[in-house]
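Asker: Chains as they are written, first to last, in my numbering: chain A, 31 to 312; chain B, 94 to 351.
The set of hints was computed from the structure by calculation and includes no laboratory data.
Every residue, glycine too, gets a C-beta built ideally from N, C-alpha and C.
Among the hints, erroneous ones may be present.
Said to hold, decoys possible - Which bits of chain B does chain A cover? Going by a derived footprint, with three or more residues having C-beta under 8 angstroms, they are:
1. 109-122
2. 139-151
Said to hold, decoys possible - Examples of chain A residues lying across from chain B (beta carbon under 10 angstroms, computed):
3. Phe35
4. Lys36
5. Lys119
6. Glu199
7. Lys251
8. Gln255
9. Thr295
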Amino acid sequence: MFPIFKYEFLQNAFLTGIMVGLLAPVLGVFIVVRRQALIADALSHITLAGIAANLLLGKWFALFAGANPIYLGMAFSVGGAIFIEQLRKVYKHYEELAIPIIMSAGIGLSVIFISMADGFNADLFSYLFGSIIAVKQSDVWTVFAILIVVLLFVFFMYKELFVLSFDEEQGKLSGIRSNWILIAFMAITALVIAASMKVVGILLVSSLMTLPVAASIRIAKGFKQTIWLSVLFGEIAVILGMFLSYYLDIASGGTIVLCLVLILTLCILYKKFTGSRKVGHV
Amino acid sequence: MVNKKNIPAVLVDDLSFHYGEKNVLEHITMEITQGSFLGLVGPNGSGKSSLIKCILGLLKPQQGGVYLFGEKVQKFNDWEKVGYVSQKANSFNTAFPATAFEVVSMGLFGKVGLFRFLKATDKEKVWEALRSVNMEEFAQKNIGELSGGQQQRIFIARALVSDPELLILDEPTVGVDVESSASFYKMLDSLHREKKMTLVLVTHDVGVMTDYVTDVACLNKQIHFHGNTKEFEESSSENMSAFYGHHVHVLSHDHEHR
Numbered sequence: 031m032f033p034i035f036k037y038e039f040l041q042n043a044f045l046t047g048i049m050v051g052l053l054a055p056v057l058g059v060f061i062v063v064r065r066q067a068l069i070a071d072a073l074s075h076i077t078l079a080g081i082a083a084n085l086l087l088g089k090w091f092a093l094f095a096g097a098n099p100i101y102l103g104m105a106f107s108v109g110g111a112i113f114i115e116q117l118r119k120v121y122k123h124y125e126e127l128a129i130p131i132i133m134s135a136g137i138g139l140s141v142i143f144i145s146m147a148d149g150f151n152a153d154l155f156s157y158l159f160g161s162i163i164a165v166k167q168s169d170v171w172t173v174f175a176i177l178i179v180v181l182l183f184v185f186f187m188y189k190e191l192f193v194l195s196f197d198e199e200q201g202k203l204s205g206i207r208s209n210w211i212l213i214a215f216m217a218i219t220a221l222v223i224a225a226s227m228k229v230v231g232i233l234l235v236s237s238l239m240t241l242p243v244a245a246s247i248r249i250a251k252g253f254k255q256t257i258w259l260s261v262l263f264g265e266i267a268v269i270l271g272m273f274l275s276y277y278l279d280i281a282s283g284g285t286i287v288l289c290l291v292l293i294l295t296l297c298i299l300y301k302k303f304t305g306s307r308k309v310g311h312v
Numbered sequence: 094m095v096n097k098k099n100i101p102a103v104l105v106d107d108l109s110f111h112y113g114e115k116n117v118l119e120h121i122t123m124e125i126t127q128g129s130f131l132g133l134v135g136p137n138g139s140g141k142s143s144l145i146k147c148i149l150g151l152l153k154p155q156q157g158g159v160y161l162f163g164e165k166v167q168k169f170n171d172w173e174k175v176g177y178v179s180q181k182a183n184s185f186n187t188a189f190p191a192t193a194f195e196v197v198s199m200g201l202f203g204k205v206g207l208f209r210f211l212k213a214t215d216k217e218k219v220w221e222a223l224r225s226v227n228m229e230e231f232a233q234k235n236i237g238e239l240s241g242g243q244q245q246r247i248f249i250a251r252a253l254v255s256d257p258e259l260l261i262l263d264e265p266t267v268g269v270d271v272e273s274s275a276s277f278y279k280m281l282d283s284l285h286r287e288k289k290m291t292l293v294l295v296t297h298d299v300g301v302m303t304d305y306v307t308d309v310a311c312l313n314k315q316i317h318f319h320g321n322t323k324e325f326e327e328s329s330s331e332n333m334s335a336f337y338g339h340h341v342h343v344l345s346h347d348h349e350h351r
């Protein structure tokens, strides 16, 4: 056994990382093909606001001091996700506006809460950039619960999510209740983002959703294969990144993201030198 | 009991639709009988696509209503009876990572229902639909790798896969080469004759269309003509030049009579 698994905190980090490496790319596929890659960024920033709020409340009330900030982070994130779907309806012809609106609101709130709670501490720093030593046993169980919910949702709603991502009109004509499904999807995305942040950090969580997908759509045949390859790339990056992070003593989020960038580059090069197939010329 | 065949496939009842201040459709009333093949023609911006979207319940008219097979469109549930091929150009992301087979199978999702999966018999239907548009060998290609005409045939296969009774096509031959559009019209003709399918074809290709359709409707905010092809051809020489060439004039003329 690798010495890296001697410590319980590292086992926690690996288990969480492996689950997140599956979750983030699966949802990422649907997000990317709906051309909403930036949504993960908006939601991660609103998650930060939730975490900062927990920090502040922890100063005031003993109840919050003991609580895992991930929960309030999730609550903020899900709230933000529902708000984005509503804003998309308000700005019908500028749907993408919803994303910067939520993103700036998230940053604004975070900054205020952090300053009221007397600024940064090490804990907050680990949420921003990811830290494998900060993953607790309770985080593992929380992420596991989210994993079950997400896999069930995607498994049973696969058809609906697929049609709605491809063209919403056809979805409506198939009698799919698109509003309900899209809101549920956004809420689940918000949960996954909150769950991923311990490992990759708030600033980098969106890359775990989008980069594996960006790599796989270069080379995949069909939608199912796009999903499988995205998950494969996500897992490779998470596992490799965490090993490097531990042995080189550098931030886990950064190493994971750089592994993803490497995979993406390899896919682009592979495509360039092998196929003349015209795919993905966006 | 009412004879089901007598119920019109589509009934549009005094429908008006506007985007903001702009009137797009004014007091449209029309009936599309089952088994007919209607060509819906009109110049650009005449509201053809909006009318189709109102008929499909994708747009909500401010006034009037639509009935599909006798059922109000908002309450209509038998969507597998209706196939729709939209104007291709801006309706989908050509870089979408899905194979032709996956795209066609979407047409069955309404029939299969929530929480269910495609069975072997459903997959056979997808193959059948692909065969019917001669695209079987491209099944495992990504949709973005196909030519415009091939993509369009995939979308038609998607509309056909659920065995619809009513097939609505919005300018399906735009951007498709002449050869494929000729074979495309032949395919529509056989669907109409052999499968007794009700067809609505939105087009500006008036010449070719009249060889196949049974009825013609001319739209420019209002319905200017709706009758069978023979009547249309008899009246068309003066009607159509006015309709296309000076349609603004015709419109204002019509308003005076209202």
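Asker: For every hint, state whether the structure bears it out.
Answerer: Hints, one by one, checked against the model:
1. As drawn, the segment 109-122 of chain B meets chain A at 0 residues by the rule of a beta-carbon pair under 8 angstroms; below three, the given contact is violated.
2. With a cut-off of 8 angstroms between beta carbons, the segment 139-151 of chain B has 3 residues touching chain A; three or more are needed, and the interface restraint holds.
3. Look at phenylalanine 35(A): its Cβ only gets to about 36 angstroms from chain B, farther than 10 angstroms, so that hint breaks.
4. Interface hint at lysine 36(A): violated, since its Cβ lies 41 angstroms from the closest Cβ of chain B, which is beyond the 10 angstroms cut-off.
5. Against a cut-off of 10 angstroms between C-beta atoms, the interface hint on lysine 119(A) is violated, since the closest Cβ of chain B lies about 14 angstroms away.
6. This hint holds: glutamate 199(A) has a C-beta 6 angstroms from the nearest C-beta of chain B, less than the 10 angstroms allowed.
7. Hint on lysine 251(A) holds. Least Cβ distance to chain B is approximately 6 angstroms, under the 10 angstroms limit.
8. At its closest, the beta carbon of glutamine 255(A) sits 8 angstroms from a beta carbon of chain B; the interface hint therefore holds under the 10 angstroms criterion.
9. Interface hint status for threonine 295(A): violated, as the beta-carbon distance to the closest one in chain B is roughly 19 angstroms, over 10 angstroms.
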